[in-house]
Structure formats: C-alpha cells, structure tokens
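Q: Sequences and hints are given; from them, build the entire structure.
Chains C and L, in that order, give the protein sequences.
Residue numbers for the first sequence follow our numbering, so the first one is 1 and each next one is one higher.
Residue numbers for the second sequence follow our numbering, so the first one is 1 and each next one is one higher.
No lab work stands behind these hints, which were simulated from the structure alone.
Warning: the hint list may mix true and false statements.
The calculated label-pair distances, taken between Cβ atoms and stated as ranges, are [as the list claims (entries may be wrong)]: (1) Ala29(L) / Gly629(C): 56 to 66 Å; (2) Glu484(C) / Thr46(L): 44 to 54 Å; (3) Leu79(C) / Thr302(L): 52 to 62 Å; (4) Trp201(L) / Gly479(C): 51 to 61 Å; (5) Leu79(C) / Ala29(L): 51 to 61 Å; (6) Glu484(C) / Leu365(L): 37 to 47 Å; (7) Gly374(C) / Phe288(L): 14 to 24 Å; (8) Pro443(C) / Leu365(L): 47 to 57 Å.
What the simulated footprint calls covered on chain C by chain L, stretch by stretch (three residues with Cβ under 8 Å from a Cβ of chain L suffice, anywhere in the stretch; the number is not a length) [stated by the list, open to error]: (9) 412-426; (10) 440-453; (11) 472-481.
Just a few of them, taken from the derived set where beta-carbon distance is under 7 Å, the chain L residues facing chain C [stated by the list, open to error]: (12) Pro209; (13) Gln297; (14) Glu371; (15) Tyr372; (16) Ala375; (17) Gln377; (18) Asn394; (19) Leu468.
These numbers come from a predicted model, not from an experiment.
The C-beta atom is built at its ideal place from N, Cα and C for all residues, glycine as well.
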Amino acid sequence: MSDLLSVRGLKAGFLAGGRVLTAVDGVSFTVAPGETFALLGESGCGKSATALALLRLLPDAGRILAGEVWLEGEEVLGLPESAMRDRRGSAAAMIFQEPATSLNPVLTVGRQIGESLARHRGLQGEAARQEALALLAAVGIADPARRLEEYPFQLSGGMKQRVMIAIALAGEPRLLIADEPTTALDVTIQAQILDLLAKLQTERAMGMLLITHDLGVVARSAHRVGVMYAGEIVEMADRQSFFGCPRHPYTQKLFAALPDLGQRGGQLATIPGQVPGLAAMPAGCRFAPRCPVAMDRCREQSPDWTELARGHRVRCHWVAGQVESVAAEAALSVADATPAVSPTVPALSGGGQTRAAPLLQVSDLKVHFPIRKGLLKRTVGHVKAVDGVSLELQRGRTLALVGESGCGKTTAGKALLRLLPATGSVQLEGKELLPLSIGELKPLRRRMQMVFQDPFASLNPRLTVGEILEEGVRALQVGTPGQERRQALEALLASVGLPPEALGRYPHEFSGGQRQRIAIARALAVQPELLICDEPTSALDVSVQAQILNLLRQLQDSLGLAYLFITHNFAVVEYLAHEVAVMYLGRIVEQGPVAQVLERPCHPYTRALLSAVPEPRLEGQREMIRLPGETPSPARPPAGCHFHPRCAQAMDVCRQAYPPLSHPESGVQVRCHLYPPE
Amino acid sequence: MAFLPVLLWSDLLVWLLVAGLGLAAWGVARTPPLRAAWGRVLHRRTGMAALVVLAVFVLIGLADSLHYRPRLADTPSPAEAKAAAGKPVYGVEVFSLLDVLLTPLRTQMEKTYSAPLATRAYAKEMQEVRQPDGSLVQQRDFPRLRHGGKHLGDNEAGRDDDVLRRVLAGAGCALLAWWGLAEILVDLLARARGCSRREAWHELWHRPPTSAAPAWDALLLALGGLLLLVVPLLALVPEYHVLGTDKVGQDVLYQILKSIRTALVIGLVTTLVTLPVGVLLGIAAGYFRGWVDDLIQYLYTTLSSIPGVLLIAAAVLMMQVVIDTHPHWFDTAAERADLRLLALCFILGMTSWTGLARLLRGETLKLAQLEYIQAAQAFGVSSWRILLRHILPNVMHIVLIALVMDFSGLVLAEAVLSYVGIGVDPTMISFGTMINNARLELAREPMVWWSLAAAFFFMVVLVLAANLLADVVRDAFDPRAA
Numbered sequence: 001m002s003d004l005l006s007v008r009g010l011k012a013g014f015l016a017g018g019r020v021l022t023a024v025d026g027v028s029f030t031v032a033p034g035e036t037f038a039l040l041g042e043s044g045c046g047k048s049a050t051a052l053a054l055l056r057l058l059p060d061a062g063r064i065l066a067g068e069v070w071l072e073g074e075e076v077l078g079l080p081e082s083a084m085r086d087r088r089g090s091a092a093a094m095i096f097q098e099p100a101t102s103l104n105p106v107l108t109v110g111r112q113i114g115e116s117l118a119r120h121r122g123l124q125g126e127a128a129r130q131e132a133l134a135l136l137a138a139v140g141i142a143d144p145a146r147r148l149e150e151y152p153f154q155l156s157g158g159m160k161q162r163v164m165i166a167i168a169l170a171g172e173p174r175l176l177i178a179d180e181p182t183t184a185l186d187v188t189i190q191a192q193i194l195d196l197l198a199k200l201q202t203e204r205a206m207g208m209l210l211i212t213h214d215l216g217v218v219a220r221s222a223h224r225v226g227v228m229y230a231g232e233i234v235e236m237a238d239r240q241s242f243f244g245c246p247r248h249p250y251t252q253k254l255f256a257a258l259p260d261l262g263q264r265g266g267q268l269a270t271i272p273g274q275v276p277g278l279a280a281m282p283a284g285c286r287f288a289p290r291c292p293v294a295m296d297r298c299r300e301q302s303p304d305w306t307e308l309a310r311g312h313r314v315r316c317h318w319v320a321g322q323v324e325s326v327a328a329e330a331a332l333s334v335a336d337a338t339p340a341v342s343p344t345v346p347a348l349s350g351g352g353q354t355r356a357a358p359l360l361q362v363s364d365l366k367v368h369f370p371i372r373k374g375l376l377k378r379t380v381g382h383v384k385a386v387d388g389v390s391l392e393l394q395r396g397r398t399l400a401l402v403g404e405s406g407c408g409k410t411t412a413g414k415a416l417l418r419l420l421p422a423t424g425s426v427q428l429e430g431k432e433l434l435p436l437s438i439g440e441l442k443p444l445r446r447r448m449q450m451v452f453q454d455p456f457a458s459l460n461p462r463l464t465v466g467e468i469l470e471e472g473v474r475a476l477q478v479g480t481p482g483q484e485r486r487q488a489l490e491a492l493l494a495s496v497g498l499p500p501e502a503l504g505r506y507p508h509e510f511s512g513g514q515r516q517r518i519a520i521a522r523a524l525a526v527q528p529e530l531l532i533c534d535e536p537t538s539a540l541d542v543s544v545q546a547q548i549l550n551l552l553r554q555l556q557d558s559l560g561l562a563y564l565f566i567t568h569n570f571a572v573v574e575y576l577a578h579e580v581a582v583m584y585l586g587r588i589v590e591q592g593p594v595a596q597v598l599e600r601p602c603h604p605y606t607r608a609l610l611s612a613v614p615e616p617r618l619e620g621q622r623e624m625i626r627l628p629g630e631t632p633s634p635a636r637p638p639a640g641c642h643f644h645p646r647c648a649q650a651m652d653v654c655r656q657a658y659p660p661l662s663h664p665e666s667g668v669q670v671r672c673h674l675y676p677p678e
Numbered sequence: 001m002a003f004l005p006v007l008l009w010s011d012l013l014v015w016l017l018v019a020g021l022g023l024a025a026w027g028v029a030r031t032p033p034l035r036a037a038w039g040r041v042l043h044r045r046t047g048m049a050a051l052v053v054l055a056v057f058v059l060i061g062l063a064d065s066l067h068y069r070p071r072l073a074d075t076p077s078p079a080e081a082k083a084a085a086g087k088p089v090y091g092v093e094v095f096s097l098l099d100v101l102l103t104p105l106r107t108q109m110e111k112t113y114s115a116p117l118a119t120r121a122y123a124k125e126m127q128e129v130r131q132p133d134g135s136l137v138q139q140r141d142f143p144r145l146r147h148g149g150k151h152l153g154d155n156e157a158g159r160d161d162d163v164l165r166r167v168l169a170g171a172g173c174a175l176l177a178w179w180g181l182a183e184i185l186v187d188l189l190a191r192a193r194g195c196s197r198r199e200a201w202h203e204l205w206h207r208p209p210t211s212a213a214p215a216w217d218a219l220l221l222a223l224g225g226l227l228l229l230v231v232p233l234l235a236l237v238p239e240y241h242v243l244g245t246d247k248v249g250q251d252v253l254y255q256i257l258k259s260i261r262t263a264l265v266i267g268l269v270t271t272l273v274t275l276p277v278g279v280l281l282g283i284a285a286g287y288f289r290g291w292v293d294d295l296i297q298y299l300y301t302t303l304s305s306i307p308g309v310l311l312i313a314a315a316v317l318m319m320q321v322v323i324d325t326h327p328h329w330f331d332t333a334a335e336r337a338d339l340r341l342l343a344l345c346f347i348l349g350m351t352s353w354t355g356l357a358r359l360l361r362g363e364t365l366k367l368a369q370l371e372y373i374q375a376a377q378a379f380g381v382s383s384w385r386i387l388l389r390h391i392l393p394n395v396m397h398i399v400l401i402a403l404v405m406d407f408s409g410l411v412l413a414e415a416v417l418s419y420v421g422i423g424v425d426p427t428m429i430s431f432g433t434m435i436n437n438a439r440l441e442l443a444r445e446p447m448v449w450w451s452l453a454a455a456f457f458f459m460v461v462l463v464l465a466a467n468l469l470a471d472v473v474r475d476a477f478d479p480r481a482a
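A: Listed below in structure tokens is the structure:
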C-alpha cells in the first residue's frame, strides 16, 4: 500500500443529551507522500472532527463509531493509547488554527520544541538545542538563538504559527495535519505561512492534510480536494478538474457565491438556508433541501459515488443522471439550471457623479491611547491607533476601509461614532461631531449607525429580538410607541428577510447569518443615512456572506444608504465598494475609486496586499510580492514612511520623511515617495 | 385572643425574602431562557434531590419564623379579668409555630446529660433504693430518666425490642406514605401527558436520554429517603430522647431543629445585605472604569485586608453594648437576641461583599467590550440603562452562583463566630452555640459526643445540599453549556 494515510468509511460523532450525533459520516480518502489533500467545507460540516478523529484526539464527548484509519500501513484506531502516543507527532503531527492558544504561555519556545524532540527522537541537552535551532531556522525565524529563549507572548501571531510548525516538525512526521493554519492570520502573513508549508513539504516529502474553508487557500496549496458537506465528502477531484469544472451543485454554488469584481452590481448567487444541524440531518442527499436541482430521488436516497474522470468523483443523483444521458452536454452548470439574475445597477465608477457636499467628511482623525506606567500612572507614550485619517463619503456610496489587523480601521470606525475619544474633525453634512456634548450628539446618532463584526457578540442574549430592535428607537425617541411601532418593527424585519414572529424570539434561536440580519435591522431601525459596517461578513460562511452582501446592496439601492465598509477582504471590496482606502499603521496610504486602486495599485503596500490574496481560481493568480516581516507596533512606528522596513522599493528618503500626498492618477491619492507630488 | 402575634425583625425579612422569591419565580416562569435554565436544574437528579432536602430545611425554618406570645392562663378571676379588660397579660416567652409542633420535645426536660435513646441518665447519682425487704439503701447508680423510656416501666431490658418495633412500624408507615405520594405524582404526570398511568410510571424511572423532563425519580427517591428517616423518628420521639439531652437536660433534637432557622437567617439575610452593595459597586467599577473603578477598588482592597474576625468582633461587641444600655427597647429576650442576630447578618454582609464585587467587576470589564454594549452606546442609551438592561441580566448567573455558594460559607461562618463567642446571642440556639458548648463536653470523661455529632451531621447535610445545588446551578446557568 503506497498511501501514507488511508481513511475508509470513518464515522465519528458526539455524545449529546444521551445520544450520539454523527458529525462525520462515512468519510474515505487517501493522502500520498508529498501530496497535499485539502478538505474544504463550511463551518460545522465535520472537517475538524475528521482531523481530530484521525489522531484519536476527539474531546471526551466524541466517539469514533466505525471505519478504519491506516497510517503508514498500520490501522491506528485499534492501537492501544500508549502506542498511539508514539504515532502522534512522529507519524502524523498537527497544526491548529489559533496560534495564540496552542502554545503554552509559561514555557519558552525552546522548552516546547524540546519536549517533542525528547519524546520522539530522544534528543536531550545540547543536541536538542542544536536541532531546535535548525528547526526554527527551517521555519524562517530570524535570530533563532534569541527566539529559543523567548516566551510566546514576545512573538507575533505569524511567528507563533511558525513556532507551532517547528514543534510539529520536531518529530519528523510523515504526515502533517493542518487545521485552518492561516485562518487567524492576515493575508500577507498567510501567504508567508502557505509558502513555508509548501517548501517544507517538498523538502521533506511529507503528506499534508489541509483543512480549510477558503477556496483561495485550496487553489494556492492543494493537489487534490475533497469537499465536505454535513459530515460527508460530496466531491473529490484533483486541483485542475476541481477548479476547471466543479460538478457537485454545492461546489458550484460555493464558487458562485464568492463576490468579485465581475459580479458587481448583480446579485450574488446564494445557497438558501444553512448547513443542517447534527440533530436534524435530512434523509437522502444532505444537500437536497438547499439544492436548486434536487429531485424526488434526492430526498429519499443517499447518492453513491459517480466517477466522472480519473480521480474526479461526485456524490450526486443529478450529476449521475447527466452523465448517463449525454456525457458531453455543456449544460452541466447549476448556474444554467437556476434562473439567471439580471444584473441590476452596474452604474459605477468615475463618470457623471454630481459632486454634492459629502455626507461624511473626516479630516485628520486621530485616536491615541495613552500608555501609562508607574505608580502615578504617568503617560509615557501613545499607541497611535489612528493617526491622521481623512475621508470623504457621499450619500448612497460605499467607501471601503481596508487593511490588515491592527492597522486601526475598526478603531477609526468606532471613533467616528464617538465610541472612542478622538481628535480631529468629523463632519456629518457639515456639522462638526467631535466637540458636541452627549446631549447634543443624541439627535445626530440616529443618522449614523454601526453593524458589528461578530453577530454572536453583538446581540444581547437576554433580550428578545423585538426588545433589541426597539432599544435604539426608544433611546433616540423615533416614532411613537404602541401598535404603530410594532408594525414598523415588523416591516423592518421583513426588509432584512426575517418573519415577523422573530420579534418574540431570542437571538440564540437564530443562525449566524440571521443574527447579522437582526443586527442590520437594529441599525436601520432609527433610519440612519450612514452605516458603518465593521467586517460584517468575516464571521460568516461563504454562502451566508453572499446573502448578507446581497442584502446590503439591496438596502443601499432602496434606501440610499452610505456605507463605510471596514474589511480585510478584497473580494468583498471589489463587489460592494465604490471607493477604497487602504490603511497601514493608523494612516491611509492609498485612496481612490475601486476600479483604479484594485486594477492599478500604486502604493507598494497595496500591491503586496493584493498579490497576497489567494484567488479561488487556477489562472489569473497575481504575481506574488513577498512582504517580509510583520506590521510594527503602532506604539513605536518606524521613522519616515511607516512601510519602509518591509518595502522592496524603499529609498533613503523613505527612512527620513513621511511622504506627502500625491495624485498619480485622477481621483487616486497616494502617500509614497515613488510618486512625488507634481 | 389566646395569643399575641410577634413579628421579629428577622421574621419580617425572612417573609419579605419569601415574597421576593415568589416574585422571582413568577418572573422566571415568564422568561423562556431563565425557565429553561431552571428546567436544567430540575432535570439533574442531584439538583432535584438537593432541592428536596433544602425545601425540608426551609419549611422547618419558616415554621420557626411565625412567632407569638401566649396569653397567660392563670387569669385570677372573671371579675378581675373584666377590670383588666382590654389589657390581657401575655407571657414574656416568645414561641414559634415550630415550638408548638415540638411541644413534647420542648417540655420533656431531663435533669442533665443522657445518651441517645437512653432510659437512664449519663451520670451516676446518689439515690435511695428500696430493697425487697423494705429497707432503704443509699446507692450510687445511673438514675432513670424522667421522660426517656418512661413507658417501659420496669421492663428496661425491653428497650431494644421497643425501639426496633417502633422503627419498623415507622418505616412501614413511611413506605405507605411514599407509595401514596408516588401514586399522586404518577397520576398528575399521566394527566399532564395524556398517557396511561403505567406509561407515566415507566417513563418516570426510565427517562429517555433526550427528555428534558424534571428528574421525578430523584424527587421520589429523595422523598423516600427523607420519609424513611423522619417517620421512624416521629415514632420514637414521644417516648425517647432520640439524640440525647444536653447539660441542662434539653432534648438535642429540639435544639437542632431550632438551629436551622438561625442558620437560614444568617445565610439568607446576609446575602440580602451583600447583594445590592456587591452587585452595584462591582458592575459600576467594571463599566465606568476611571476614578469610579479606582475608588471602589481601593475600598474593597482596604476592606478585605482588615482581618474579618477582628472587624466582626469589634462590631458585635459594640452592638452588645448598645443592646445592654437600652434594655427598654426590648419587650422580650427573644427580641434582644433577634436584634443581635440581625446585627451579625449586617456585619457579615458588610465584610463579605468584596468577593462578589471583584468577580462582577472582572465580568463587567469583559462584557463592556462586547459589541452589543457598544451598539447600545452608539444609540446613545444612558449608562445606567445599559447597566440595568444589558450588563445586570448578563451577570445574574454569576450572582446566583455566588449567592448559593456563599450561603454555605455563611452558615459555617456563623458556627465559627459563635464558637469564638462573637456570634449570635448566647440564649439563641444555633449550630455555633451547640458546637461551642461541645467544647467542654468533649473534654469530659466519659465524653458527651452526641450534641456535637448531631450538630455536625445536620449542618453537613444542610451545607452539602446547598453546595450540590450550587454546582448544578452553575452548570445550568453556564453560558457555555446553554
């Protein structure tokens, strides 16, 4: 048997309320040495449970119900626990999603690597130290001798993930299981880590099981792909055929739901409903309730594998039927089977905008958090989270504020609503906001509202949806209480696509996407003109993200809302925004219309950022610009241009002076010495 | 009227608390998430059993919280009574409903110590024994008890048989009573579910794992256990001192039952004092930050650095002086003891809010960063409204858990404080005073162990039930589990 890992009919579940809920149902796949197999799926479809079951690391409530796992020609599910401990780390090692919590904060990096070296390779003392140094160098950590003695809190997120990889490599594993290894990281760091994993894999001929929800990551790293849905693998293909012609309706829908520039103005394809819960699995094909081409047979009988081409298999009655009838018919796409959505308002970019007074005008906004030290808490410095941001937003337009984590984009958004103390000038239709007292500000609050990132944290779990929606209305005294207000709330719910019964229910009864709809309805309840959306889709799955983006676009069309859209996701920017501003370390480095900035980025940082975004397709991958290092701390920004330590085109002047504003193209503002102001 | 109702301050607080709990229960029944959480408490067998045990303790405590002064019976003559009409004379002793129920226990006093179920005293005495020939001989022996085992007459050797017979008869009655209760419960369940009694009975003992029904089996088992304990006790009580007597010949079982109210008052009323202070200061410190936070933190760090016992001793002694210098404030000794009990509750409350406040401050710091708080701020909702509407309901589970856990700690604290002499009034019966008395009894030869053992056992049962309930409540209200 040549396969490194071979999983056959693996079935695992979780004990809940006295019965076992199956989370992984009959999953089979193989991983060959030197190959990357990606398990792709939305949250809750059982991909992490599969990975944990392979190493028998399921939590206490987890049960492996059936199946075989052959690792290097050995069935591991039957092994005693002591033997299993030898396999973990040496035969197969695992990297987890969150580097911040997978390292022990009270042990040095060296100790944590040494643990694995001692366990699996019997190295002690100086030998172990040398090996640990070699490992840290291999994962690309500069100055490994110093880092060996450091504690995890002294490392940045990207470095922590590198250390995690070094620990995983310490046992010289033949198989590496990477469970969403880059989800918690920024795109530039994600690109570094993916490159590193690919490099290590070819060097050591490791097999890799990559678990991810990101089609872009799959396109960049995987050799073969398995798509998981509700505990089953529904499609398995090599990379070429997966991206070339995805066959399962679910896979096709996933691709269609991805926002990008090509779909601007149109409706994104969405998958209605959500992934079924473990307790309520549909009989037959599990995707049938959400499938646009479901037939009666799909609801009764679970489909078998259909072999389409070598290595490309699908579990779908519909595809099987198509193959049987006429194999070469081109009409295999679900997009053709569903009624096409006519693109509605493609009127974008440039052109005949009337230059009215802007709805929101921000100039030189600064949010500095004092760093206090000592007994008397004297201020010894400032964290310049937002350091002189200027923006302009017209009525009915969308401005995207883009940047990596820690660049101050969320802080800027909150400062605009005066949730944080700020200096500078924020004008809403010419009315200055910052000097107003709380009482004077109150009438203006109804004109600008915020939608938050995490729909699970932004709704009070102890209040009903009706009470949540009513809160702002009551606080800002909009409308009159009573029957009229209730009707208004019901209309509001209808406008975000929720039934009126939802008023009496509690947030926990809703899914993530529905909660985000409630959060949007709450903001809309006071009829604002400006909505600040703080990464409203980053906590949601792709198919649900499409629903929310469609909703936001509809609302903008019908209500003429202006959005300040804070995000790190360029695909969303491409789809939704009219203008974009790129932030780095508290300052805007480039600003302009979406088409221009994304097509012809000027600032080196924008270029690097765009090139680091993994595209969910094979062709058209942008040329990678490697960005060394990580974002410096906003407490001690580099002198001169903040970006110069990571910039490949840095000149002497970059180290000395912060670049002035320049306009290399019409409508685009850049702060970079490459473009001297004319 | 044959009696004069007396409302002690602690009675008032206890009944207010009962009313408050009733109101809270009504509120819980109307709020689905809370109802679900309490449903989870009842669903757990431990929770149900602990609640049954606690309910028995609470019932005893409540019966002991209805006080009255009996009208003196020896009204001289109808004529004089008429002259003093409208001014009946009431006894200075205050009795409670529990005292009435326990009249035999209360009145059947022995001379001094006697062991549990004994027929003779624990200490030898000189007594005159009439010999068969009619002469009187002075003899040192254990004297017969006045009440314990009196019905046996000369047949003292028959005591074991008598006790066994009574216990068996009691157990039989208990089983019958249990059977009756079980029948009623099954009947109710069958009617509620619309199924046959047989099915209801089966489902009661074999709950399907998915069912969220309350743990009726635990209820029945706990009730069965209690009945098996209590009914045989009732059969023995009229003729024996089941747990012996103390130095002055008072029945230990009576003392134990009276101690329960003291423990409950200490546990509950103290939390009543702790709660508003701890909750308000805790969430205010966490939400407002800045100087408010500094002030509150300094306050509770200072307060918790003073040795608690010292502070309590000082306050209790001061209170004692006030009480002693104002005898005219009190009609009866019971009122005086009651005031001291309340003072103790107040002082304990004033020293024990710091833990709760610290806990709530930390939780509020975390909550205040959550997005729904910021959403409310973005609407311009006032700070106090945010505190009451958003923060308070979301820390209530912590408050509840802390309260249930503190309760047992306070009951134990009372015992310790009374042991060092700064607890409740010495005339007031409590677990603490019983243990304090046991200090000398244990040093005695032969040792008197039953007083301490009984106090120990009952206190452990009370505190254990409270702790088990606290565990279940914590699990049920843990947001991660919900």
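Q: Hint compliance check: list the failing hint numbers for this structure, sorted ascending.
A: Of the numbered hints given earlier, those the structure breaks are 8, 13 and 19, listed in rising order.
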